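> The residues making up each chain are set out below.
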Amino acid sequence: MAALLTVNNLNVVFSMRFGDLRAVNDVSFSLESGQRLGLVGESGAGKSVTGFSIINLISRPGRIASGSITFEGRELTTLSPEEMRKLRGDRISMIFQDPMMTLNPVLTLGAQMTETLLAHENITRRQAEERAVETLKKVYIPSPDRRLGQYPHELSGGMRQRIIIAIALLTNPSLIIADEPTTALDVTIQAEILDLLYELTVNERMGLILITHDLAVVSQVTERIAVMYGGRIVETGPTMAVIDNPSHPYTRGLIGALPESAGGQRRLNQIQGAMPSLYHMPSGCAFHPRCPLAMDVCAKETPKLCETGERGTLTACFKTAACEAASL
Amino acid sequence: MTNKPLLTVNGLVKHFDISGGFLDQLRFSEGKFSRKRTVVHAVNGVSFEVRQGETLSVVGESGCGKSTLARTIIGLYPPTSGTILYKGARVDDLSPKAMLPYRAKMQMVFQDPYASLNPRMRVNQILDEPLRLHFPNLNAIQRAERIAAVMDQVGVRPGWATHYPHEFSGGQRQRISIARALMADPEFVVADEPISALDVSIQAQILNLLMDAQDERGLTYLFITHDLSVVEHISARVAVMYLGALCELAPVRELFEAPRHPYTRLLLSAIPKLGGERRRSARIQGETPTPINLPPGCVFHVRCPFATDLCRVEAPTLQDYGGALAACHGLEENRI
Amino acid sequence: MWKKFLASHFLWSFKRDWVAMASAAVLVLLLLASLLAPVIAPHNPYDGTNVDIMEAETPPVWMEGGTSKFILGTDAQGRGILSAMLYGMRTSLMIGLGAVFLQAFMGILIGLFSGYSGGKLEAFLMRLADVQLSFSTLLVAIFVGAIFQMVFGVASYEQMAVPLLIVIIGFAEWPQYARTVRASVLAEKKKEYVEAARVIGLPARRIMLRHILPNTLSPVLVISTVQVANAIMSEAALSFLGFGMPVTRPSLGSLIKSGFEFIFSGSWWITVFPGILLVVLILVINLLGDFMREALNPKLYKGA
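Residue numbers (the working numbering), protein chains in the order written: chain A, 882 to 1209; chain B, 155 to 490; chain C, 30 to 333.
Pulled out of the complex, with its shape left as it was, chain A reads as follows (with noise of 0.2 Å):
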């Protein structure tokens, strides 16, 4: 079937005062109807700029640089903003770390609900609340009719993650893009929201990308993973064979590094170094500084996503994967 999502070679860059930033280079996905994506990295690693530069949320002095999104058939990069904005939140929702920054603080639920829904549908006012209700039951709150009257800090913080992905699913979207949608939330919160976003897109047939820095999170819920550093995909894959097979050294280190990882010893295997930032990208592959395995031309090339022979899992590493570097 066709790709509901199919990013290629996006390139996003931020012009600086001292010259240009390039926080994504050359990052290719795609994605099928109701299939789940995890895009895990650490903070600097460009999953979150990926994420929004895919419904073009990138503000100034940010750009997609190059590169094309196509998305139920559409070219996305080039959409006017009028089209762009009529996309998102209909059939594209995203859904963000902190619910006290997404919901008004001086509007009721129902007024913030119905809103969505009349901005991009012609319904009447009613017609907009009952499928505000039918949507928080399909989210599990409880005694949904009471809650369009009330304001955000009436509810607590697991619920208004629920509200907003209620708001996020308002649209029947095809696609939803939760950008750490869990890390502000207790882990017994995070555990029901996690659960409620797996079986919505598995009823509801949406696409999910998921964007996280925890693994162990990302394993749950994703059928596919895409690690990231220094801006480019490191390592992509069906989600349990890269984490139980990584290939690339970050992705080994990464997942070595948790406790759970450690076995008996009381010592943690720990990466050395720290996550480059946009300011100091090395040269060639940008883990090399950190990297156990590193060559002399890690530090010269930049290696392209290769086949590794694990089952179906691409990874961009000269020593581990299949890359062959040009000048050997």
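Hints listed in this document are in silico derivations from the structure and should not be mistaken for laboratory results. All of these numbers come straight from a predicted model, not from anything done at the bench. Be a bit skeptical, because a hint or two may be false.
Said to hold, decoys possible - Sample of chain B residues facing chain A (criterion: CB under 10 Å; computed from the structure): (1) T316; (2) H320; (3) G324; (4) L361; (5) N362; (6) M365; (7) L382; (8) S383; (9) V385; (10) L420; (11) K427; (12) R457; (13) P459.
As the list claims (entries may be wrong) - Calculated from the model, a selection of chain B residues having no Cβ within reach of chain A, i.e. all distances over 10 Å: (14) L180; (15) R191; (16) E411; (17) P426; (18) G429.
For every residue, glycine included, the Cβ atom is placed at its ideal position computed from N, Cα and C.
With chain A fixed as given, assemble chains B and C onto it according to the hints.
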């Protein structure tokens, strides 16, 4: 590790009055004015001891009072009631002057490495302060040597001592923050979520650093966190808190293999496991209570699947179940 | 390093803002001119031997009857307007800066102390600030000035006018500083570096002065520009009303006042030129203040 208690907390209570000034407290209802106070019941009667040389972790979700507990123990907040004993001597009611010797022995590492270092001070000035105060007979050269030695130990190049905090990455700043806590040669360190603001690949570095420092200096840690996988790795014993009360306190193996309190069970079942089976978790029932409106009886009864009428009226106390302490009527009655 | 960083961002935004650059250039020029007044002024307006009553109300040089001796004309006593303006600006700036130093000193101390200690003392000091602010500066100044003149006589008032005005304007406006500083102290006090300093056991005085104070100074710097402009305006207003600088030692305000009586007899220059100078001075200070407010906004310069 000995069983000697280094720190003993007895019936610690900490409430915050957030009702503001007199005018903010006034309420007008049913035709007359009344004065209403809003009180946050952050910690409600918590007792435990930290043993010499161990790592005791306190886990719980946001609003459970774990950070308040840490700050009250270290003396940043005066307790509302209850006592804190350090090596058998009361430290909760001391004047700043009488407290000074304990300040050197009890230190703290903070959560946010971006807020915990004064942006207008160089690293060597930050590290020099505890030395000047607690070791007044050291001269400038000796102090500089000590600073270099500790910076080396925490993995920050001593050559960077004259730089300002903003020139360091988050992980480096947290190392400097740890160095500041180690400067005065403490015995007991309270670590309040020391890794939760850091990137995943940095978390392991900082945990290793904390464990190394413990091995080298024989430190005792009170480790505050919400991350159960970290707790499992580093602690000897774990205390689970919910809404200001201690639910369970048990050796780490006991707790993870045979959790007793229903809240501990809920918490453990909710941790996302890397590549593990997806588990269905229970739905929220009703409203989650807050520390401002504490439910009567057992604070967990609103969310507890085993709650009975007794749980709704009477708060359970900690009971010993073969080395593990838990506060639950269901356990007492052998129902769970 | 930090200073270098601050300077680099500060300089960078400064260089892109031509309004700020022009204002700074004008201000520097004015400051230099007032500082060097004894050197560059064509005459010394305080020196009676230079003043010739026969030259009174000479119009500016480009008008009929003007002479090149007095480029901007003379006042009713025959003093050159240009010289009087240069000396007057000196007095105005001195009072303005002096008053702001006093305000800042009192306000920062009270704001820091009440913000850090909190409780009843804080409530008392801040209510005091509210009460103080509800009196108009001019009202207080007129009152104090009148009492002084009554008690010590007009002669010693002329002697003491400058320090007296500094004290009056300084006292009247300290709450501005106290409120600003207290607000940032309340924000800083909650940060973990202050808690860390307390855990180390540092005495409260050191935490306030060494840790909190340096982190509250950017807003202080910003309001200082506005306050200097306000203080100069207050002084000018007082002088204009006759409660400020005496005509024998004119400030810009008293120059404007002294010419005001003659504006209808045609000698407009006595009032208009000092007036223009006052407006320009206040304007450039305020424009620079606006620029600083933007450049020092921590939210804006996080990126670099």
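> Indicate, hint by hint, whether the structure satisfies it.
Hints, verified against the model:
no.	hint	verdict
1	T316	violated (21 Å)
2	H320	violated (12 Å)
3	G324	holds (8 Å)
4	L361	holds (6 Å)
5	N362	holds (5 Å)
6	M365	holds (6 Å)
7	L382	holds (7 Å)
8	S383	holds (5 Å)
9	V385	holds (9 Å)
10	L420	holds (6 Å)
11	K427	holds (6 Å)
12	R457	holds (8 Å)
13	P459	violated (13 Å)
14	L180	holds (21 Å)
15	R191	holds (20 Å)
16	E411	holds (15 Å)
17	P426	violated (4 Å)
18	G429	violated (5 Å)
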